[in-house]
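Asks: One letter stands for each residue in the lines below.
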Amino acid sequence: MSDTYKAPTMAQKMASGEAPEILFWVGCAGSFDERYKAVTLAFVKILNKVGVNFAVLGDEETCTGDPARRAGNEFLYQMQAMSNIQVLDGYQVKRIVTACPHCFNTIKNEYPALGGNYEVVHHSQYLQELINDGKIVMKEGGEFKGKKITFHDSCFLGRANDVYEAPRAVIKALDMELVEMKRCKSKGLCCGAGGAQMFKEPEQGSKDINVERTEEALQTGAKTIAVGCPFCLTMMTDGIKNKEKEKEVNVLDLAELIAKDQQL
Amino acid sequence: MSSLPQILFLLVLGTAGYILYKRINYILKTIQLGKPVQRNDNPGERWKTMLLVALGQKKMFKNLIPALLHLVIYVSFVIINLEVLEFIIDGIVGTHRVFAPFLAGFYSIAMNFFEFLALGVLISCLIFLIRRNITKVPRLNMVELKGWPKLDANLILVIEIVLMMAILTMNATDQILAYRGVGGYIPLGGLWISSSIQGIFAGLESSTLVLIERAAWWFHIIGILGFAIYVTYSKHLHIFLAFPNTWYSNLEPKGKMPNMETVTHEVKMMLGMPTDPQATETAEVGRFGAKDVNDLSRINLLNAFSCTECGRCTAECPANITGKKLSPRKIMMDTRDRAEEVSNNLIAGKKGLDDGKSLLGDYITQEEINACTNCNACVEACPVNIDPLAIIIELRRYTAMEESGSPAQWNAMFQNIETSFAPWKFPPTDRFNWAADLNKEKSKNSIL
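Taken in order, these protein sequences are the chains called A and B. For the first sequence, our numbering begins at -7 and goes up steadily by one. For the second sequence, our numbering begins at 18 and goes up steadily by one.
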C-alpha cells in the first residue's frame, strides 16, 4: 500500500467492486478555480487522513446547474440536473459531501424534484462530524490557538439551509477566538456573488457588495476571515485586495484551516 | 323620535358593511388574477407559523423598540375592538354602555384598561410619526415611498391618534354627565386617564356635554368603520392579511426553488427519457416565468397585498445597501399596483392585461431583477413572511427563457455550461487536473 494522497474516482471504485461511503462533489470552482483548488486538495487530504472510503466523479462531474437556474434558465438547469442524476444513480451514490454551498443546496433541495435523492452534507457539517467522532484531533497549542478569526456566512448555507452552527463548531475546535461580524448568521450580509452574480459585473451602484462585507470583516480586527463557500472565498479575497490588506489578512476555507492545523 | 339615531346608525353600519363587502370581493378577485397554487400541506406547521409569526409577532422582535411600540398598537387594536362590539350593540338597540350592568365592577376595570391602551396607541403613533418625519429612519424615507405611500403611512398614524382622542373625549364627558346625575349615563368610579382631561369640559353646560359626548361617540364609530374601508385601499391591509399570508408561508428551506414541471416534461422529451403521460395532458405550456401579474401565483399576489411597506427587506438587501436600484419592497409595491391596475381595467370594461403594459418593463426593470443575489435576506427580514425573491426569480425566468434577454455575461455563462459543463470556459477534460499532482505528495495518514 502506497502512502501518497489519493482521490479515487467512482469509476475506479466500481471497477474494483467497492462501494465508497461518500462521494466528494468537487464542484466547478473546486475543479477549475486556481485559488480554490487548494481547498479541494485540503479537503481530500483530510479525507485521506481520516481514512474514509470516498470517491470523486473526476471528469464525469458537471455543473449542478445552479447558476443557470438562479439566472432564470430553468431548461439548462434541468438538463444539467438530469444528466448529473443519471450519473449519480448509475453509481448508486447515497451520501454526498461538498464544500460548495451552492452545489449543496441544489443537490440536496432541488434534485429530489427531478428524482435525485441523496443524503447531502456540507463539508462544514462533515468536518464537525469528524471532530465530534474524534477522527480529527486538533493539535495541542496549534498555530491558530487564541488567534482572532471571523466567519462569513454563505447565504446558501446559512439562510438558505439554516446551517449556522457547524462552521462555528469547526472554528471552536481549533481553539480560536471567534469574533462575529455585526451582521452574522441569519442576518449575515451576502458576499455579492449569489444568484449567478459571480458570473457578471454588478449593476450600477455606490459600492461593491464584497467591499461592504470586507469592511465589516476587517472591523472585527480578525486576521483570518473564514469562509465555507468558493464564491465567498473569491469575493472576500478580492475585497481584501481592494482594501490593500492582503499582507495582513487571510481568507481561508474551513478545510484549509483544519488541514493547516493537522499539517497536511 | 328616539329611534332616529338607531335608524341612522343602521344606515351607517349597512353602508359601511356594503362597501367593505365590495372591497373584500375586489381584493379577492385581484388576488385571483394569479395562478392557483396548492400549498395546504402540513397544516399543523402552518397554524403554528401563523400563531407565532402573525399573532405572536415573532419576527418583529429582531428590533426591540419598534417591536414594542407596534405591539402596543396591535394589542390595543384587537382589544379595543371588543369595545366596538358594545358600540355596535348600543347603536342598534339604542342603549348606552350595554355591557356595564352585566359586568358591574369589571366594566370599570375594563374601561380603565382600554383607556390605558388608548393612551399607549396615542404615544406609539406619535413616536412613529416622529420616526417617519423628523428623525427620518432611513428605511421609512426611501425613494419608492415618495408621494402616496408616505402620505398613506402618515394618514394611518394620524387617524389612529384622532380615534383614540375621540374615545378619551367621550369617556371624559360621559363621566362628568354621570356624576351630574344626567339620565342614562352610568358612573364608573373614576377613569384614570380620561379624568385627567375632564378639566377642559368641567365648566360646560350638561346639554353641551351631551352634544360633545354624542359627537365623540359618532365620530369614533364612523371613524372605525371608515378606517376599515380605508385600510382596503392602503398599505395597512397587513392587519388582516398577515394571517392568511403567514399560513401560506413557504415551509421549505429558503434555498429551494420550486421545480417547473412544464420544463421537466420538455427536457425529458429532449433527453429521450420516459415522460409522465398525465403531465402531457395537464401541463399547459403557457409562458415560462412571469412577465405580468397573471403569470405569478396567487400567493405572490397575496404577499403583495399583505405588504405594509415597512422596508425591513430593503434595509437588509445587499444590492440596495450598496446603491443598486433593486428594492425588495418596491417589487412588492409594484406587484400590487400592477395587479390593481389590471383589476381596475377589467372593472372599467377595458382590456385588463392587454393594456400595452406589463409588470416587467413598466413597473419593474431588468436592472432591478438582475441585481438580486438570491441571498434571502429580504425573505428572512419580512415580519409576515413575504417572499420577494419568488417574484424576482419568475421575472428572471421569463427574461431568460422567453426573451433570451439576460445580461450578455449570463448568456456567455449559459453557453459555457452547455458546451463545457461548467460556468467558466474550461475544457471539460481538464476538470480532474486538480488531482494530477496529488499522488506525488506523501500522505500524512495517521491511520496507515
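Derived from the structure by calculation, the hints contain no laboratory data. Keep in mind the model is a prediction, meaning the values are calculated, not measured. Check each hint, because a few of them may be wrong.
What the hints assert, rightly or not - In the PhoX-like style, the derived pairs of lysine-lysine whose C-alpha atoms are separated by at most 25 Å in a straight line are: (1) B:52 with B:39; (2) A:179 with A:199; (3) A:215 with A:192; (4) A:131 with A:174; (5) A:239 with A:215; (6) A:199 with B:163; (7) A:233 with A:215; (8) A:252 with B:459; (9) B:65 with B:76; (10) A:252 with A:179; (11) A:177 with B:163; (12) A:179 with B:457; (13) A:179 with B:52; (14) A:131 with A:215; (15) B:39 with B:163; (16) B:75 with A:177; (17) A:29 with B:457; (18) A:177 with B:79; (19) A:174 with B:76; (20) A:131 with B:459.
To be verified - Which residues of chain B face chain A? A partial, calculated answer using Cβ under 8 Å: (21) 276; (22) 389; (23) 435; (24) 456.
Claimed, not checked - Chain B residues, not near chain A, derived (Cβ > 12 Å throughout): (25) 61; (26) 157; (27) 236; (28) 279; (29) 340; (30) 417.
Even for Gly, the Cβ is constructed at its ideal location relative to N, Cα and C.
Asks: For each hint, tell me whether it holds in the structure or not.
Replies: Tested hints:
no.	hint	verdict
1	B:52 with B:39	holds, 22 Å
2	A:179 with A:199	holds, 20 Å
3	A:215 with A:192	violated, 29 Å
4	A:131 with A:174	violated, 30 Å
5	A:239 with A:215	holds, 10 Å
6	A:199 with B:163	holds, 24 Å
7	A:233 with A:215	holds, 14 Å
8	A:252 with B:459	holds, 15 Å
9	B:65 with B:76	holds, 14 Å
10	A:252 with A:179	violated, 30 Å
11	A:177 with B:163	violated, 33 Å
12	A:179 with B:457	violated, 44 Å
13	A:179 with B:52	violated, 32 Å
14	A:131 with A:215	holds, 20 Å
15	B:39 with B:163	violated, 29 Å
16	B:75 with A:177	holds, 17 Å
17	A:29 with B:457	holds, 16 Å
18	A:177 with B:79	holds, 13 Å
19	A:174 with B:76	holds, 18 Å
20	A:131 with B:459	holds, 20 Å
21	276	holds, 4 Å
22	389	holds, 5 Å
23	435	holds, 7 Å
24	456	holds, 4 Å
25	61	holds, 19 Å
26	157	holds, 19 Å
27	236	holds, 44 Å
28	279	violated, 9 Å
29	340	violated, 3 Å
30	417	violated, 3 Å
Violation of the numbered hints given earlier is confined to hints 3, 4, 10, 11, 12, 13, 15, 28, 29, 30; the remaining hints are satisfied by the structure.
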